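Novice: Just need the whole structure built from these sequences, with the hints factored in.
These protein sequence lines map, in sequence, to chains A and B.
Sequence positions in the first sequence follow this note's numbering and run 1 to 385.
Sequence positions in the second sequence follow this note's numbering and run 1 to 339.
Hint data in this document are derived by calculation from the structure and do not stem from the laboratory.
No experiment lies behind these values; they were computed from the predicted model shown.
Idealized CB from N, CA, C, for every residue including glycine.
You may find that some hints are simply not true.
Stated by the list, open to error - Simulated coverage check for chain A against chain B, where a stretch passes if three residues somewhere in it have a Cβ under 8 Å from a Cβ of chain B: (1) 218-226; (2) 261-269; (3) 323-337.
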Amino acid sequence: MKTCACLLNTTELGGAERSFITQLGILNSPEKFDIYFPKIEGLKASEETLSFVKSNGLDQPKGFKYNSDLYKTSRSSKKVNLINVLLGMLEQVLTYKVEGFLKYKNIWCNGNKVFIPLFLSAIVFGYEGRILWHLRDYPEVGRLNKLIKFLYRYFAKFNLVLIGNSDSTVSAFKDIFTDIKALRIYNPVINENKISPKDSIKVLGFAGMSVPWKGLHELYLWASLYEKELKDLGVEKILVFGKNIYHTKGEHSDYEAQLNRLKKLFKSSLIEHKGLVSPQEIYSSIDLMLHLSNRAEPFGRVILESFSQSIPCISTGLGGAGELMTNNTGLLHFNNDYDGLYQKVRLLIEDASFKNKEVQAGYKTYQFIQESAESDLFKLESLYF
Amino acid sequence: MQNYKVYLTTPDYPPKLGGLSTFSKNVVKVLEELGFLVEVFNWKSPKDLLNLSKENIQADFFFHIHYMGGFLTNFPLDKTINFCHGSEILFTSPNPIKKLIKKLGKAKTLSYFSNSRANFFVSDFTREKLKEKGLQLNYGRDFVYNCSIEGIENSALASTFDSEGVIKLCSVARDVPHKNFDGIYNFSKSLGRLTNRKVQLSITSSRFKSTEKLEVIPLLNKSDSELQQVYQDSHFNLLLSLDHSEKGFFEGFGLTTLEAGHFKTPSIVSCYGGLPENIHHRFNGFVLENFLDSSILKFYDHALNEYSEWSKNAYSHSINSHGLNLYKKLFKAILVEGI
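Specialist: This is the structure:
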């Protein structure tokens, strides 16, 4: 039996899955890892996920049964029957046991959907191995985590290790889970198709989910306010990549409708929507990336991917994203500072030496993060696998 | 601009002094520069709004510097634009009658905001506060647009700050509880004690006494130009406001930091209200985590090494990121191109 079961958190290839698969690819130990994806009734694993796994030199992932009501509670804006959810949780707890996950020495969970029922299963059935809980976001300060902490302290026979994407998230974990080991593993990016450095900046890019905390509304407002100035600088387009792959309830459930209203009030001819495309397509079509998150980001993959392609990135640098901007403090942006954002774009366009300096600094960050990620991963492997 | 007309209501307008008065004047100025015809209604009490005869008022847009101007007058909401500066959006008051009235009117008030054309909040904090009180946030209607003031060209050299001499602080605000003047006084005293240096605090209050290390200079009945000189002469401007939302008060943004910034004087602010969105930590000033000695020492340490950057950025940030040209852009986009 292999040493570790690696559980993807969704059927779709989002940033978290991409990072996880890349990390497993770096470890390059297919003999140690079985990779699984949640198999939900009516939903197939995306072809993109399967081919990305293959391209990282890993064995084909296997599906495991995942209760559809449970899956929908966190990924849909529709109301779900609470009884069904509880029954779903119970079913999932049993499924983990029945499908043999608790026979693995290690189980590495790439998110809460797969972790929470596994955690309960491990408690109920007295699992004595190790669970690596790879949180891809900041932990919530709420009752659920308090319950996890309580159950772990008094009933667990297994070892729990928390993994975070940045020092910032690990620090947040340690504030809540004071007596559980927490490790940082940066998200590496694969830079197989290095794009030639761009001489000029004509196309700006924005890549992120269509949710409020990514700041897309700020981009629309800014593009409208500074349309003339940007065109005078030679900017031809602002390409917006991504969509809302999580149709979840909450503040973002009608965000797209709100953006449509905003666009009627603040018009801009610069913005073009490109939807969900490959990273290769994104970075080959832009000259400058804008990262406008207005909340602490656990990491900021888009920043690192930009840097790896020698594309400068202006970022708010909040949370873990700040750890990627330490060499590029000249490109830090303050939310709602519309003129400040314009001034930074202007400087990058008009001052070639400033731009080159920032590009080199960004590439240095990319190299450092790659090395750190690899070193962290190999350390993890030597400790546990 | 096709002679569009804006009807603007405000509780404060020159010659009355104060931030809201200045803000109103600036909005009118920008609108007129854009070619709008502006009619100003300066109301002194809600009664003035209730008694306003609307039959002869025709306008393309209705601007309300205080939302009450629209809430009590029932002008068409699809043409209504509100400005929210801070704690006026709270449904509470130290006055029990006002508190009751606000609470009874809460649902209607939220509905008013929801149906208006646009709401401009001076900070994310203020917007989130109204969301907390029940507004269904709409990013296509509820915008954050930080304060702007008229630029003052200032060719004077930036102040320097080093490890010797008197540390000069100032604080220009109303002496009301949430402005935390006691905190400012205590901070100044602590700074003197911890650094073993003399501190001078110029403050718009006569309540505080000088001590061995702290010289207090009350700023009473000073003209604008005198206050400008105070900013110019100070190393730091202090705005250490507290969040008294439960009593009906918080700092929405903190306009004095922009005024100080025009004189290359960085500000030290507390971490409450909209202040951390105004002063960007260690860029154009310093955001205190708390008022403990350790935080004050941290501030001092950074200030000794970074002051010239803070001073330079305080000026350029105030001029560029908070100048009236931003309102010009905003109004042009939303009123002309957005029609």
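Novice: Which of the stated hints cannot be reconciled with the structure, identified by number in ascending sequence?
Specialist: Of the numbered hints, all hold.
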